[in-house]
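K.L.:
Next come the chains, spelled out residue by residue.
2 protein chains.
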Amino acid sequence: MLGRDYSDQICSISRSLEVVGERWTLLILRDVLLGRHRFDEFVESLGVTRTVLTQRLRLLVDEGVLERRPYQQRPERFDYDLTDKGRALTPVIAHLLWWGDHYYPEPAGPPRLLQHRDCGGPVEPRFFCGQCQAELTAGDIVAQPGPGLSAHSLTRDHGTTSRSGAAGSLTPPV
Amino acid sequence: MLGRDYSDQICSISRSLEVVGERWTLLILRDVLLGRHRFDEFVESLGVTRTVLTQRLRLLVDEGVLERRPYQQRPERFDYDLTDKGRALTPVIAHLLWWGDHYYPEPAGPPRLLQHRDCGGPVEPRFFCGQCQAELTAGDIVAQPGPGLSAHSLTRDHGTTSRSGAAGSLTPPV
Chain L
1 MLGRDYSDQI
11 CSISRSLEVV
21 GERWTLLILR
31 DVLLGRHRFD
41 EFVESLGVTR
51 TVLTQRLRLL
61 VDEGVLERRP
71 YQQRPERFDY
81 DLTDKGRALT
91 PVIAHLLWWG
101 DHYYPEPAGP
111 PRLLQHRDCG
121 GPVEPRFFCG
131 QCQAELTAGD
141 IVAQPGPGLS
151 AHSLTRDHGT
161 TSRSGAAGSL
171 TPPV
Chain G
1 MLGRDYSDQI
11 CSISRSLEVV
21 GERWTLLILR
31 DVLLGRHRFD
41 EFVESLGVTR
51 TVLTQRLRLL
61 VDEGVLERRP
71 YQQRPERFDY
81 DLTDKGRALT
91 PVIAHLLWWG
101 DHYYPEPAGP
111 PRLLQHRDCG
121 GPVEPRFFCG
131 QCQAELTAGD
141 IVAQPGPGLS
151 AHSLTRDHGT
161 TSRSGAAGSL
171 TPPV
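Residue numbers (my numbering), protein chains in the order written: chain L, 1 to 174; chain G, 1 to 174.
If you're looking for bench data, these hints aren't it; they were derived computationally from the structure. Don't take each hint at face value.
A pair holds if it fits inside one copy or across any two, identical chains being indistinguishable in the list.
[Stated by the list, open to error] Derived DMTMM-like pairs: lysine to aspartate or glutamate, alpha-carbon spacing no greater than 20 Å straight-line:
(1) Lys-85 <-> Asp-118
(2) Lys-85 <-> Glu-63
(3) Lys-85 <-> Glu-106
(4) Lys-85 <-> Glu-44
(5) Lys-85 <-> Glu-22
(6) Lys-85 <-> Glu-41
(7) Lys-85 <-> Asp-40
(8) Lys-85 <-> Asp-62
(9) Lys-85 <-> Glu-67
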């Protein structure tokens, strides 16, 4: 767990990375999304050491991202599946896939295609404004300090308020 | 760079993680998105060691995710900004933020809000089928082997074809 290093960050991104930011973790979740569920399947697929894999799986189960289910009694064996919380990471993994497809293309084309189950069409992400319903591009989106950051600034005082409190733009100023 | 461990994976997700999967890297990109651009700002914000930060920034510049620009001559100093390739990671970071907001909420509310620049409305992600235009949920999306995976299976033969070639569902079968 990255907590010791990341945990003083008042930021949902760093909180997420405490859980899924360790090496191999997102690839384990990708494997489960692709239909692998057992310890030995992860070892074979990833080439990760059993010790590291055990640590990663334990954290993911403890955090409720994966659930562990017995599938054999003697010896006792478990497989792993995504919880709703784990499935909610699908967009993170999908965007990593699309980014890799675009910037590190395989000569023959994408290794994996995300498709609409019913018609086989390609999946396309879009962003909208929940208020005016406009479709948004990256340049239309800004990051603003939210109530959680303000509350924190009021209750702790170690000089981070002005820095963390700054409004940010998701694109550089033009 | 995680290349040695990840590079035998024929997968755009692992290719992406070779570049942005190391510890701190996504938080550096978050910092740039929020308006931090200088080495000392990253050190102060992240508490990362200067050695590790230097390594991460070098990889991100080498890979064309960040660009380094001189802002002072004596002594020579640089700041860092996102390239188009770096900005294309915004959805990855946004979804990590939303996931953290949802599953690890701050009592007072989200620390950061992603808003529509024009009207201040909340940004909402949606997925569509590029063929039939239906709006998709996670259960509507399947991962299929693409041409890059098939080409690889034909040119290399170390027993991974059947495993890697399996179609995957982004949700477990119901």
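K.L.:
Would you mind marking each hint as holding or not holding in the structure?
P.N.:
Against the structure, the hints:
{"no.": "1", "hint": "Lys-85 <-> Asp-118", "verdict": "neither (25 Å within a copy, 32 Å between copies)"}
{"no.": "2", "hint": "Lys-85 <-> Glu-63", "verdict": "within (9 Å within a copy, 32 Å between copies)"}
{"no.": "3", "hint": "Lys-85 <-> Glu-106", "verdict": "between (31 Å within a copy, 17 Å between copies)"}
{"no.": "4", "hint": "Lys-85 <-> Glu-44", "verdict": "neither (25 Å within a copy, 32 Å between copies)"}
{"no.": "5", "hint": "Lys-85 <-> Glu-22", "verdict": "within (17 Å within a copy, 23 Å between copies)"}
{"no.": "6", "hint": "Lys-85 <-> Glu-41", "verdict": "neither (22 Å within a copy, 33 Å between copies)"}
{"no.": "7", "hint": "Lys-85 <-> Asp-40", "verdict": "neither (24 Å within a copy, 36 Å between copies)"}
{"no.": "8", "hint": "Lys-85 <-> Asp-62", "verdict": "within (12 Å within a copy, 35 Å between copies)"}
{"no.": "9", "hint": "Lys-85 <-> Glu-67", "verdict": "within (10 Å within a copy, 35 Å between copies)"}
The structure shown violates the earlier hints numbered 1, 4, 6 and 7.
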